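Asker: This is what each chain is made of:
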Amino acid sequence: MTSTRVKKLALHLALLAGVLISLFPFYWTAVMATNTTRDMYRTPPKLVFGPELFSNIARVFENIDFMGSLLNTVIVACCTTVLVLFFDSLAAFTFAKYRFPGHRALFGILLLTFMLPAQLSLIPQFVIMVNIGWVGTIKALIIPASANAFGIFWMRQYIQGAVPDELIAAARLDGAGFFRQYWNVALPVIRPGLAFLGIFTFIGAWNDYAWPLIVMTDPSNVTLQVALSQLNTSHNTDFSMVMAGALLAIAPLVVVFAVFARNFIADAMKGALRG
Amino acid sequence: MTDTRTTPPREAPPGARPAAGRRRGALRTYWPHYLAISPFYVLFLVFGLVPVLFSLYLAFQHWDGIGDMQFVGLRNFEFLVKDSTFWLSLYNTFVIWIMSTVPMLFLALVLAVLLNSKVRFTSFYRIAYFIPNVTSLVAIAIVFGAVFSTNQGLINAILGWLHIGAVPWLSNEWTIKLVIACLITWQWTGYNAILYLAGLQAIPTEMYEAAKIDGAGPVQTFFKITIPQLRPIILFTVVVSTINGMQTFTEPQVLFGGNASINPNSGGPGQAGLTAILYFYREAFSNNDYGYGAAIAWAVFVVILLFTAINWRLVQRRDKGAA
Chain A
1 MTSTRVKKLA
11 LHLALLAGVL
21 ISLFPFYWTA
31 VMATNTTRDM
41 YRTPPKLVFG
51 PELFSNIARV
61 FENIDFMGSL
71 LNTVIVACCT
81 TVLVLFFDSL
91 AAFTFAKYRF
101 PGHRALFGIL
111 LLTFMLPAQL
121 SLIPQFVIMV
131 NIGWVGTIKA
141 LIIPASANAF
151 GIFWMRQYIQ
161 GAVPDELIAA
171 ARLDGAGFFR
181 QYWNVALPVI
191 RPGLAFLGIF
201 TFIGAWNDYA
211 WPLIVMTDPS
221 NVTLQVALSQ
231 LNTSHNTDFS
241 MVMAGALLAI
251 APLVVVFAVF
261 ARNFIADAMK
271 GALRG
Chain B
276 MTDTRTTPPR
286 EAPPGARPAA
296 GRRRGALRTY
306 WPHYLAISPF
316 YVLFLVFGLV
326 PVLFSLYLAF
336 QHWDGIGDMQ
346 FVGLRNFEFL
356 VKDSTFWLSL
366 YNTFVIWIMS
376 TVPMLFLALV
386 LAVLLNSKVR
396 FTSFYRIAYF
406 IPNVTSLVAI
416 AIVFGAVFST
426 NQGLINAILG
436 WLHIGAVPWL
446 SNEWTIKLVI
456 ACLITWQWTG
466 YNAILYLAGL
476 QAIPTEMYEA
486 AKIDGAGPVQ
496 TFFKITIPQL
506 RPIILFTVVV
516 STINGMQTFT
526 EPQVLFGGNA
536 SINPNSGGPG
546 QAGLTAILYF
556 YREAFSNNDY
566 GYGAAIAWAV
576 FVVILLFTAI
586 NWRLVQRRDK
596 GAA
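The listed protein sequences derive, respectively, from chains A and B.
Numbered per this note's numbering, the first sequence spans residues 1 to 275.
Numbered per this note's numbering, the second sequence spans residues 276 to 598.
It is possible that some hints are incorrect.
Interface residues of chain A toward chain B, partial, derived using beta-carbon atoms under 7 Å [as the list claims (entries may be wrong)]:
#1 Cys78
#2 Gln119
#3 Ile159
Within a straight-line C-alpha distance of at most 25 Å, the following computed SDA-like cross-link-like pairs (lysine to any residue) qualify [to be verified]:
#4 B:Lys393 - B:Glu481
#5 A:Lys46 - A:Leu20
#6 A:Lys7 - B:Val388
#7 A:Lys7 - B:Gln476
#8 A:Lys8 - A:Ile21
#9 A:Lys46 - A:Met67
#10 A:Lys139 - A:Leu116
#11 A:Lys270 - B:His337
#12 A:Lys46 - B:Ile439
#13 A:Lys270 - A:Lys139
#14 B:Lys487 - B:Val385
#15 A:Lys270 - B:Phe381
#16 B:Lys393 - A:Ala17
#17 B:Lys357 - B:His337
#18 A:Lys270 - B:Leu510
#19 A:Lys46 - A:His235
#20 A:Lys7 - B:Met482
#21 A:Lys8 - B:Ile500
#22 A:Lys270 - A:Leu248
#23 A:Lys270 - A:Phe200
#24 A:Lys7 - B:Ile488
#25 A:Lys270 - B:Ser398
#26 A:Lys7 - B:Pro479
#27 A:Lys46 - B:Leu389
#28 A:Lys139 - A:Ala176
#29 A:Lys8 - B:Val327
#30 B:Lys487 - A:Arg5
#31 A:Lys7 - B:Ile402
#32 A:Lys139 - A:Ile214
#33 A:Lys46 - A:Ala251
#34 A:Lys46 - A:Ala30
#35 A:Lys270 - B:Gln591
#36 A:Lys139 - A:Asp218
#37 A:Lys7 - B:Val513
#38 A:Lys7 - B:Phe497
#39 A:Lys139 - A:Pro252
#40 B:Lys393 - B:Ala485
These aren't lab readings, by the way, just hints derived from the structure by calculation.
Model, not experiment: these values are computed from the prediction.
By construction, the Cβ of each residue, glycine as well, lies at the ideal position given by its N, Cα and C atoms.
Just chain B, with the same shape it has in the complex (with noise of 0.2 Å):
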């Protein structure tokens, strides 16, 4: 993500800064430019930094939120990696993620190419696709639990009127994932439909025309030239795909969350849908163990950073050979 745009060569504000006592004559020239983009970094300082570094500090204790801190050295990871419920929640993560991005970006890719094909009411469906992405996601996580309920929903009513038995939607472990990827799949499928629209329309139409002087056919010039001139704009969308993925937390907490403390099926029968940052929302906020909480977001962050490098890579690669 680079700026590419080249920025005009700016006047500096009247007063130039004196030679010495640079460091004082600076702050009492620009005090109006660094109290105006302060709010931020004050913010993030409070907010964000401190509490970050605190959540490292926290990962070595163990405490209640309450009582007083132990240390209690590397034992949180320790404990962490024989967490045969913590890996369950990573492979659950794993899957889901798989079961929702690969169908989001393709589909996403296909309402793209169609968009573009100089359709009319082109900004209909733009709005049509697009609205998914703004709707409240606990609203339409409980709606979609209601179309998949084993009794009483839409889907097992129509497969009841064709007469095929109905499937037990919300309490299989794959369809548990699968509606959940369902979920997230309409979600995002028209937003990055538009983005991958906004990267079409950007490629400069004499390429085409070129392509189609050397006698290139329409499966050669998708592949040969608007795949790669995508490449930044479908890097960006599996990278956030990952990011959010990753983090999969209201969807099964609204489907299966309710009382989590109590409940040791939270995430759904068998924990099917218990993602990663619903387990550690369980620990850290039903449990009360700040440690061990801690412990696991940094682990889904190593994990977050390991998928987005590999993706990184894959899809750089994949388009160098495909070039």
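Looking at chain A on its own, in the form it has when it is part of the complex (with noise of 0.2 Å):
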């Protein structure tokens, strides 16, 4: 073998020891999810999979309302996603394409709300959440949510170049006006953009904690993330059945990341150099 051959074996090696530390996770939860907790306790310890997925996933069911959490996670997730693809589309393809009174100032406001952190204002939120009446509705999670600096910011630094401005222009002499141009032109040449904002946009709705833990009081009526903490804390003797409720929370994610991932990377790999 010559040394670039080793080399480059060598190197292969070093980023498999680090894609197994990345995935090895995802493999041991599958194991604890389909053996028994008492297959965790023997020394040496259960490495394979075992038959006892839907029995631990029964479980599951039993004791949180699975299906319930999932279906708010669903929707808030959905409605989210949904809701910031129009709404920081929309501003993002006027301050990347429209000049009006104030434009450069209120951008400069966007930015800035960047800084503030989130638990300063948790608290006053969750007063103003009891005050309209919205504590324990999924309202209290989708609304506030539904527009974001770091959206419009991302997505006018894409329409900038992804938007040609004399397609704009002439739809402007056809008589198209700002909506239309907005609906007719511009949305049909930024759905890569709208792709990886969206992906973006569902995973961090799909995953918040914080918030939800927060504002959902009721504790029969949650989001999937905290009815999985619920169950690891009132359950926390039968490892494999709250393994199995981690593995239901997480596959979905992945298998939608899987699907979107190679765009989405490139993406965000742009974005970065952006920012």
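The two chains are supplied separately, each in an independent frame; assemble them into the complex guided by the hints.
Answerer: In structure tokens form, the structure reads like this:
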């Protein structure tokens, strides 16, 4: 073997070690979720899949309202994503392609809002939710999250490059108004950008924990992440059942991500260079 | 974070703005544009700006959320300065942040350099490294809790198999922090590696060729070209890690947070995993002490600003020293 081939091999071994560490927790979750808790006590422990997955999942369903919390999470994640895509891309399109009095100052304010950490507003947000009667409802999770500075900032950068000014000028000559220019000209062109922002938003909404934990005050009506945390604190002796719950919470997202991953990572890298 | 792109000059939409009555004219002409950007600003006003101002007001009140507010002046902050639990939570946050950020950014840089060396299967590696970052933090904190469990955990089982005694990972002051730091490192190393990789790929190859002609070795090239060129991205990752690290909450909350209000050991035995934001959460939402909670939130905000500024200067200065 030549020295370059040895080098290549060493490189791949190093990279594969990283992959192993990255992916092992998923494998181990599946191992624990498919065995009994007693198998976990054994020395040496069982390192391969077992036949107990469905009985473990059945116990998850007995102990928490899995389907109810899953439904809440799916509704929250889908609604948030659709609203964010619409509001953020519309605002981003406006900032990217039009000048209007105050546009510079308004965009500056938008950038400043990045600096405010979430915990500063948590208590008052909760008080507001109590006063408008949204506590314990998924409205409290969807509405405040339905437009955000990051999405507008990212989409603006994207639209500046993706939507040619000539296209908008041509549409204007054809008599298209502002909203028609957005809907008919910009939207079809920026679909790849929307895909990135959509996945990003969906994953964030799906995994969100602190705010749902605070605002979903009825323990029987929560999101999947909060239900999973409840399962962990109340049944922490039944390991394999809790792991089956964790597996169910992780799996859908990993699948969604694996499907879109290639473009998603490329877009995330582009975003980093602009930042 | 500046926008380096130059935007082409844009045409003003039809209907030039009238010289007189500029404001009303602008509103009449540009109302679709203002309408289009309004959702963010309305939401920010209601759920961002008003709450932030209200929390500043709250920091000077005593309030349990139900009864009347009572103005207490600086008493919340006086109490905060003497509150040993608050200082402990800051200390814990800081230690966990160091224990996670240093290995995380170092490993990320190593991975990025390896990935950048024209190796095959790059997209497979990238996906594998990025997946931890999109995984539910609650679920993975539970999994880490199981892996490091004293009696049933995989780590102790392996140690026992090698005839090494069991380590009480989740009840010792240092190993509690170590487990939380491992979790953060696991989740964010790949993310940072991808960012560094983006930066590495943007470095023009001519720079490396020039260095080679000048007789620079790989180590010299790395420190004289790669690191300085990566400076903006390193700065970005350090700032993001500082902001995230100072707000660590979910990991200790899921691992040790059960029954926070009744359990004096929330944050784990000896409160070794009690981070500043977990303490904030406990005071505000378990003990319903909104005024004190708001004071903690503002104190943490000031600490974040301070740390970010210090790190910013450190990264920039070190770079100047190297260049």
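Asker: Next, verify each hint and record whether it holds.
Answerer: Checked hints:
1. Hint status for A:Cys78: violated, given a least beta-carbon distance of 17 Å to chain B, over 7 Å.
2. Annotation: interface hint on A:Gln119 holds; nearest CB of chain B at approximately 5 Å, less than 7 Å.
3. Violation of the interface hint for A:Ile159 is found here, the shortest Cβ-Cβ separation to chain B being roughly 11 Å, above the 7 Å cut-off.
4. Under the criterion of a C-alpha separation no larger than 25 Å, the hint pairing B:Lys393 with B:Glu481 is consistent with the structure, at around 16 Å.
5. Between A:Lys46 and A:Leu20, the direct Cα distance comes to roughly 18 Å. Compliance with the 25 Å bound is thereby established for this hinted pair.
6. Distance hint between A:Lys7 and B:Val388 is fulfilled; the C-alpha atoms sit about 14 Å from each other, no more than 25 Å.
7. Distance restraint check for A:Lys7 and B:Gln476: the Cα-Cα separation of roughly 21 Å lies within the 25 Å cut-off, and the hinted pair is therefore satisfied.
8. Of the pairs offered as hints, the one joining A:Lys8 and A:Ile21 holds, with about 20 Å between alpha carbons and a cut-off of 25 Å not exceeded.
9. For the hint pairing A:Lys46 with A:Met67, the CA-to-CA distance comes to about 30 Å; that exceeds 25 Å, so the pair is violated.
10. Annotation: proposed proximity of A:Lys139 to A:Leu116 holds, straight-line Cα distance about 23 Å (limit 25 Å).
11. Taken as a hint, the A:Lys270 and B:His337 pair is broken in the structure, with Cα atoms around 47 Å apart against an allowance of 25 Å.
12. At roughly 19 Å between alpha-carbon atoms, A:Lys46 and B:Ile439 fall within 25 Å of each other, so this suggested pair holds.
13. Distance hint between A:Lys270 and A:Lys139 is unfulfilled; the C-alpha atoms sit about 33 Å from each other, more than 25 Å.
14. A distance of roughly 21 Å separates the Cα atoms of B:Lys487 and B:Val385; the hinted pair therefore holds under the 25 Å criterion.
15. This hinted pair checks out: A:Lys270 and B:Phe381 have alpha carbons roughly 22 Å apart, not beyond 25 Å.
16. Taken as a hint, the B:Lys393 and A:Ala17 pair is honoured in the structure, with Cα atoms around 18 Å apart against an allowance of 25 Å.
17. Straight-line distance between C-alpha atoms of B:Lys357 and B:His337 comes to about 17 Å, which keeps the hinted pair within the 25 Å bound.
18. Simply put, A:Lys270 and B:Leu510 have alpha-carbon atoms about 17 Å apart, close enough for the 25 Å limit, and the pair holds.
19. A C-alpha spacing of about 22 Å is found between A:Lys46 and A:His235, which places the hinted pair at or below 25 Å, so the restraint holds.
20. Between A:Lys7 and B:Met482, the direct Cα distance comes to roughly 24 Å. Compliance with the 25 Å bound is thereby established for this hinted pair.
21. For the suggested pair A:Lys8 and B:Ile500, the alpha carbons sit about 23 Å apart, so the restraint of at most 25 Å is met.
22. Between the alpha carbons of A:Lys270 and A:Leu248 the distance comes to roughly 32 Å, so the proposed pair goes past 25 Å and is violated.
23. Of the supplied pair hints, the one linking A:Lys270 and A:Phe200 holds, its CA atoms being roughly 14 Å apart against a limit of 25 Å.
24. Taken as a hint, the A:Lys7 and B:Ile488 pair is honoured in the structure, with Cα atoms around 23 Å apart against an allowance of 25 Å.
25. At roughly 15 Å between alpha-carbon atoms, A:Lys270 and B:Ser398 fall within 25 Å of each other, so this suggested pair holds.
26. Restraint check for A:Lys7 and B:Pro479: the C-alpha separation of about 24 Å stays at or below 25 Å, so the hint holds.
27. Note on A:Lys46 and B:Leu389: the hinted pairing is violated, with a Cα-Cα distance of about 34 Å set against a maximum of 25 Å.
28. Under the criterion of a C-alpha separation no larger than 25 Å, the hint pairing A:Lys139 with A:Ala176 is inconsistent with the structure, at around 35 Å.
29. With a CA separation close to 54 Å, the supplied pair A:Lys8 and B:Val327 exceeds the 25 Å bound.
30. Simply put, B:Lys487 and A:Arg5 have alpha-carbon atoms about 22 Å apart, close enough for the 25 Å limit, and the pair holds.
31. Proximity of A:Lys7 to B:Ile402 is assessed by CA-CA distance (about 23 Å); at most 25 Å being required, the pair is judged to hold.
32. Only pairs whose Cα atoms come within 25 Å are accepted, and A:Lys139 paired with A:Ile214 is accepted, the gap being roughly 14 Å.
33. Using a Cα cut-off of 25 Å, the hinted pair A:Lys46 and A:Ala251 holds, with the two alpha carbons roughly 22 Å apart.
34. The hinted pair formed by A:Lys46 and A:Ala30 meets the criterion: a straight-line CA distance of about 12 Å does not exceed 25 Å.
35. For the proposed pair A:Lys270 and B:Gln591, the alpha carbon gap of about 23 Å is at most 25 Å, so the pair holds.
36. Between the alpha carbons of A:Lys139 and A:Asp218 the distance comes to roughly 14 Å, so the proposed pair stays at or under 25 Å and holds.
37. Straight-line distance between C-alpha atoms of A:Lys7 and B:Val513 comes to about 31 Å, which puts the hinted pair past the 25 Å bound.
38. Of the pairs offered as hints, the one joining A:Lys7 and B:Phe497 holds, with about 18 Å between alpha carbons and a cut-off of 25 Å not exceeded.
39. Simply put, A:Lys139 and A:Pro252 have alpha-carbon atoms about 23 Å apart, close enough for the 25 Å limit, and the pair holds.
40. Distance restraint check for B:Lys393 and B:Ala485: the Cα-Cα separation of roughly 19 Å lies within the 25 Å cut-off, and the hinted pair is therefore satisfied.
Going down the numbered hints, you'll see the structure goes against 1, 3, 9, 11, 13, 22, 27, 28, 29 and 37, while the others check out.
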